[in-house]
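Chains as they are written, first to last, in our numbering: chain A, 1 to 111; chain B, 1 to 114.
I should point out that these hints are in silico values taken from the structure, not numbers from a laboratory.
Beta carbons: idealized from backbone N, C-alpha and C, even for Gly.
Take the hints with a grain of salt, since some may be wrong.
Claimed, not checked - Calculated cross-link-like contacts (lysine-lysine; reagent style DSSO-like; alpha-carbon spacing at most 30 Å):
#1 A/58 to B/40
#2 B/41 to A/69
#3 B/52 to A/69
#4 A/49 to B/18
Unchecked claim - Cβ-to-Cβ under 8 Å is the rule here; a few derived chain A residues that face chain B:
#5 79
#6 98
#7 99
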Amino acid sequence: AQSVTQLDSQVPVFEEAPVELRCNYSSSVSVYLFWYVQYPNQGLQLLLKYLSGSTLVKGINGFEAEFNKSQTSFHLRKPSVHISDTAEYFCAAGEGNMLTFGGGTRLMVKP
Amino acid sequence: ETGVTQTPRHLVMGMTNKKSLKCEQHLGHNAMYWYKQSAKKPLELMFVYNFKEQTENNSVPSRFSPECPNSSHLFLHLHTLQPEDSALYLCASSQDLGPFTEAFFGQGTRLTVV
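Let's have the full structure, built from the sequences with the hints guiding it.
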């Protein structure tokens, strides 16, 4: 079964600074990877996904992620964050009929 | 607005109560899910339904009883819960089952068991 690890439980960053949220997954035959965002008191919303093809995936709100097979990573990046990006971010891997989620990373953007 | 609506948004119940959570999706999806989100724990998949049939039960205690009368509606019936069952319960739907299928989530029901 897949496992997904998000190494950082919290990432504080100043507004307009770049940010990287780390995600590692256990290797599997097929890899389908997702990043979801959860704003306070909301459900999860898809940011981006990697199914196949280009290893650099662009998502909504200026986020992008890079699939690195050799390092089994799928880190999320944004070159310049806004206060409104403050939220919890979840990396997930698809296998069989289910998504396996990481523990989440709370991004805290400070003015 | 994701097209997945959960009611109620908040619920407080005693350990001897019986209550139900409701989820409705307006996306024409065939698969629906219940997830549990507890503090400091990863999202846990509870149940999966596809075309109204349960396909996954992730070792969930019997005090949680799901019901899927049609592809648009999903319920979670609760009875004799424990305080450790307090959590955010998220419903999701997807077009079909599969590892590459995007899931659309509702806003969740915040459950507190007292």
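Check your understanding: Hey, does the residue 98 of chain A contact hint survive, CB to chain B under 8 Å?
Key -> With Cβ-Cβ at 5 Å, under 8 Å, it holds.
Review point. CA of residue 58 of chain A to CA of residue 40 of chain B, is that 30 Å or under?
Key: Roughly 28 Å separates the two Cα atoms, so the pair holds.
**Study point:** Hint check, residue 79 of chain A versus chain B [nearest Cβ-Cβ separation less than 8 Å]
**Key:** 25 Å, violated
Point to revise | Holds or violated: residue 49 of chain A to residue 18 of chain B, with C-alpha atoms at most 30 Å apart | key: 39 Å, violated
Check your understanding: Would the pair residue 52 of chain B and residue 69 of chain A pass a check requiring their Cα atoms to be no farther apart than 30 Å?
Key -> 36 Å, violated
**Study point:** Agreement of hint residue 99 of chain A with chain B interface, Cβ distance less than 8 Å
**Key:** 6 Å, holds
Review point. Quick one, are residue 41 of chain B and residue 69 of chain A close enough, alpha carbons at most 30 Å?
Key: 26 Å, holds
Checked against the numbered hints listed earlier, the structure breaks hints 3, 4 and 5; every other hint is satisfied.
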